[in-house]
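Undergrad: Sequence:
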Amino acid sequence: MMPDLSTHMPQHIAIIMDGNTRWANARGLTSKLGHRYGAEAAREIVNSCINRNIKYLTLFAFSSENWKRPSKEVHSLMALFLTVLKRKEISQLNSRNVRIEFIGNRAGFAQKLQDSMDGVEALTCNNTGTTLIVAADYGGRWDISNAMKTIATKIEQGELTSEQIDINLVHQYTSLSNYPDPDFCIRTGSEHRVSNFLLWQFAYTEFYFAECYWPDFDDEQLQIALDDFALRQRRFGIHEEQAKGDS
1 MMPDLSTHMP QHIAIIMDGN TRWANARGLT SKLGHRYGAE AAREIVNSCI
51 NRNIKYLTLF AFSSENWKRP SKEVHSLMAL FLTVLKRKEI SQLNSRNVRI
101 EFIGNRAGFA QKLQDSMDGV EALTCNNTGT TLIVAADYGG RWDISNAMKT
151 IATKIEQGEL TSEQIDINLV HQYTSLSNYP DPDFCIRTGS EHRVSNFLLW
201 QFAYTEFYFA ECYWPDFDDE QLQIALDDFA LRQRRFGIHE EQAKGDS
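What the sequence shown shows, in our numbering, is residues 1 to 247, in sequence order.
Since the hints were made in silico from the structure, they are not lab data.
Given the structure is predicted, the values throughout are model-derived calculations rather than measurements.
Hints are not guaranteed to be accurate.
Claimed, not checked - In silico DSSO-like pairs for lysine-lysine, Cα to Cα no more than 27 angstroms straight-line:
{"no.": "1", "residue 1": "K88", "residue 2": "K112"}
{"no.": "2", "residue 1": "K55", "residue 2": "K86"}
{"no.": "3", "residue 1": "K32", "residue 2": "K68"}
{"no.": "4", "residue 1": "K55", "residue 2": "K72"}
{"no.": "5", "residue 1": "K86", "residue 2": "K32"}
{"no.": "6", "residue 1": "K32", "residue 2": "K149"}
{"no.": "7", "residue 1": "K72", "residue 2": "K32"}
{"no.": "8", "residue 1": "K72", "residue 2": "K112"}
{"no.": "9", "residue 1": "K88", "residue 2": "K55"}
{"no.": "10", "residue 1": "K149", "residue 2": "K68"}
{"no.": "11", "residue 1": "K88", "residue 2": "K68"}
{"no.": "12", "residue 1": "K112", "residue 2": "K68"}
{"no.": "13", "residue 1": "K68", "residue 2": "K86"}
{"no.": "14", "residue 1": "K88", "residue 2": "K32"}
With the hints as extra help, turn the sequences into a complete structure.
TA: In structure tokens, the structure reads:
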């Protein structure tokens, strides 16, 4: 019997939005325009997830490795990021009860951008609908090492002992400790890798790799991905027969 696809929805979707520059190059456009079209695609997908009552959505907006890109491209990305944070869609998302949170090493951003991020979080902190998590200057290795530094400091200060270190303790100090791990990750752009994204949280995540570039990923493409997820059986390391018994 085929599962009811409408009831097999992920609780937490993570998306690696890859391919903006390649999409632009294929059309003879600048990378700046590619990122602008990518921002439009992000807007559509955010609203699509809200409409489907997806509880958590994490977008990989800017990785810690992106600083290595040409300075002109980085500058245009920062300008676009700041523009998006000040546009009316933030108010619209707030009116739709969306909570917005940023994860990553935001200290590397200009103070003006940090202030905008703080303002968006403060504006939406009491909302109870979809939680939109934006990973900016984020890397999975940074996340884990930052958690370990925090734990080491607490051990030095006598607040913890080394014997207390376990999976749950480390998780407590990672960026997504307040949220369930992503059960579904979508990556566009035809690449099949995680690119240092949510390394700790991806232990049991299901992956879907879309061949299209991010600006072409729309509501229809999202539904195709969700239909694929609905047909999967998540076993979390147990045998197939056990998983069937638990479902």
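Undergrad: Name the hints, by number, that the structure is in violation of.
TA: Per hint list: 4, 6, 11 violated.
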